[in-house]
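Residue numbers (this note's numbering), protein chains in the order written: chain A, 1 to 81; chain B, 82 to 336; chain C, 337 to 469.
It is worth saying that the hints were derived from the structure and are not from the lab.
It is possible that part of the hints are untrue.
[Unchecked claim] On the chain A side, residues computed to face chain B include the following (Cβ under 10 Å):
id: 1; residue: 6
id: 2; residue: 16
id: 3; residue: 76
[Stated by the list, open to error] Chain A residues, not near chain B, derived (Cβ > 10 Å throughout):
id: 4; residue: 15
id: 5; residue: 20
id: 6; residue: 22
id: 7; residue: 23
id: 8; residue: 26
id: 9; residue: 28
id: 10; residue: 32
id: 11; residue: 42
id: 12; residue: 43
id: 13; residue: 51
id: 14; residue: 63
id: 15; residue: 67
id: 16; residue: 71
id: 17; residue: 73
id: 18; residue: 74
id: 19; residue: 78
[Claimed, not checked] Stretch by stretch, here's where chain A covers chain B in the computed footprint (C-beta under 8 Å, at least three residues):
id: 20; region: 229 to 238
id: 21; region: 321 to 332
Quick caveat, the model's predicted, so the values are computed rather than measured.
C-beta atoms are modelled at their ideal positions from N, C-alpha and C, and glycine is treated no differently.
In case you want the letters, here they are:
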Amino acid sequence: MIAVFDICILIFLVAIAIIALSVKDLLASAMILGIYSFLMCLLWAEMGAVDVAFTEAAVGAGVSTVIMIATVYQTSRKSSD
Amino acid sequence: MAPMKIVALITVIITGGLLLYATGDFPAWGDPLSPANNSALSRHYIEQSRVETAVPNLVTAVLADYRGYDTMFETVVVFVAGLAILAVLGQGTSRERAAIQRSAERYQERDMINIMTARLIVPVLQLFSLYVLAHGHYSPGGGFQGGVMFGASFILIALAGGLPEALSRLSIPGALLLAGLGVLLYGGTGLVCMMLGQNFLDYHILHRLLPATDAVMARYHAMLIVEIGVAFTVTAIMFIIYAALSSRGRMTGGL
Amino acid sequence: MIILQITGAILVILGLVFFLGAAVGVVRFPDFYSRMHAAGKGDTLSTILMLLGIVCFLIADVPWAAVIHGDFSLLVEPILTSIKVLMIALLIMVTSPTSTHALMQAGYDSGIKPHLSEADDDSTPSDEETPTP
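All chains, please: the whole structure from these sequences, using the hints.
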């Protein structure tokens with residue numbers, strides 16, 4: 001049961017990583033990376049590494065998304081490639 | 082497709098294939114016979130950390146005591162990252178400054194609902210981050226998590242009420258002072274251990290200074306001191322990074 | 337305690353139904369504002385309902401027979417967990433509508449126009465209010 005859950009999260013992770021790379025809008029890319037961090041947090045919590053999951057939720061999904069969006073707001077919103 | 086992109090794609094595919102091939106050698110998940118469970122060092126941590134440090138949370142004991150060097154230089158890395166961002170984002174050109182001034186005027190009137198919710202959330206968030214910091218010996222948490230949450234509370238003030246509002250509560254010089262103080266607290270604990278005749282970050286000797294402790298409880302309390310230092314640095318640097326990046330180093334306006 | 341379990345199951349299923357409604361609304365609605373409306377309302381309500389359902393399950397799992405015979409220490413842990421879950425529900429009740437509002441405000445400030453069809457004026461009343469001659 002838990003292995004099925006794991007595999008679902010891992011498939012989502014790969015899909016979201018590809019989407020984050022292929023999206024042209026950098027604001028959307030930053031938000032998708034936030035989703036990626038939340039899924040990583042879920043995976044770690046499920047595997048029993050609660051400390052790492054907590055750090056990921058606070059740093060990866062919370063603060064770093066805000067900082068990336070602030071940077072996108074101050075620079076350019078379009079990806080150059 | 083550009084030729085460099087094709088080279089990059091091939092490199093990534095080969096690396097990913099090798100990594101996937103290597104996962105075949107992993108021990109099964111939760112395998113009691115895996116090497117990570119059976120080296121002498123892991124067994125020592127698992128069996129003795131409760132006896133040697135009186136900290137129930139093994140992760141905190143390893144992070145702040147057995148691998149104190151690692152955590153100390155992680156803190157230093159965070160500190161240096163904040164300093165570098167402040168150094169790179171100087172005052173900006175005059176055109177940028179004018180643009181930021183304009184955006185600051187555009188968002189002059191702040192939204193009442195956001196400010197009221199921030200007023201409701203920020204005290205709860207700060208109290209909870211202190212709980213996370215202080216309760217790291219017993220549950221998941223500790224200096225990094227508590228510090229990030231405390232820094233996030235200042236970022237929330239900046240998002241809801243504007244960057245000057247947040248800067249009036251924690252100014253950039255004040256934040257730099259706090260960050261330096263955190264690193265000093267961590268390194269200073271190690272130096273005090275050295276002065277008492279032990280190795281750097283060998284906390285058990287601190288029972289000569291801390292009242293009513295033995296060699297075990299000295300390690301317990303020294304870990305709390307060290308985590309507080311980490312929390313100071315992380316709080317200040319998170320806020321500095323946000324403030325500098327959201328205003329191009331001008332420290333006005335912001336998002 | 338079967339009643340509490342049934343209540344919990346109903347609340348969780350109701351929450352899932354509202355989540356489905358929110359997801360369908362995000363996909364089907366025509367413009368930014370109505371999509372945010374569906375996402376914000378459905379998200380908040382369904383999360384709170386599911387958390388209340390979890391609280392019902394937690395209370396139902398207490399060994400009540402032992403508690404009635406005077407072993408009140410068994411009550412401590414489920415009640416503490418329930419209070420934590422209720423605090424999460426309270427937090428979501430405050431923050432989720434605010435974030436929806438902030439997103440809406442940001443969209444309005446950056447000039448997103450609502451989708452107004454030609455049939456939006458008073459000439460086509462909705463089905464319920466159609467006057468019957």
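The hints, checked one at a time:
no., hint, verdict
1, 6, "holds (9 Å)"
2, 16, "violated (16 Å)"
3, 76, "violated (13 Å)"
4, 15, "holds (15 Å)"
5, 20, "holds (15 Å)"
6, 22, "holds (13 Å)"
7, 23, "holds (17 Å)"
8, 26, "holds (14 Å)"
9, 28, "holds (17 Å)"
10, 32, "holds (19 Å)"
11, 42, "holds (15 Å)"
12, 43, "holds (12 Å)"
13, 51, "violated (5 Å)"
14, 63, "violated (6 Å)"
15, 67, "violated (6 Å)"
16, 71, "violated (5 Å)"
17, 73, "violated (6 Å)"
18, 74, "violated (5 Å)"
19, 78, "holds (18 Å)"
20, 229 to 238, "holds (count 5)"
21, 321 to 332, "holds (count 6)"
The structure does not agree with the numbered hints 2, 3, 13, 14, 15, 16, 17, 18 stated previously, though it agrees with the rest.
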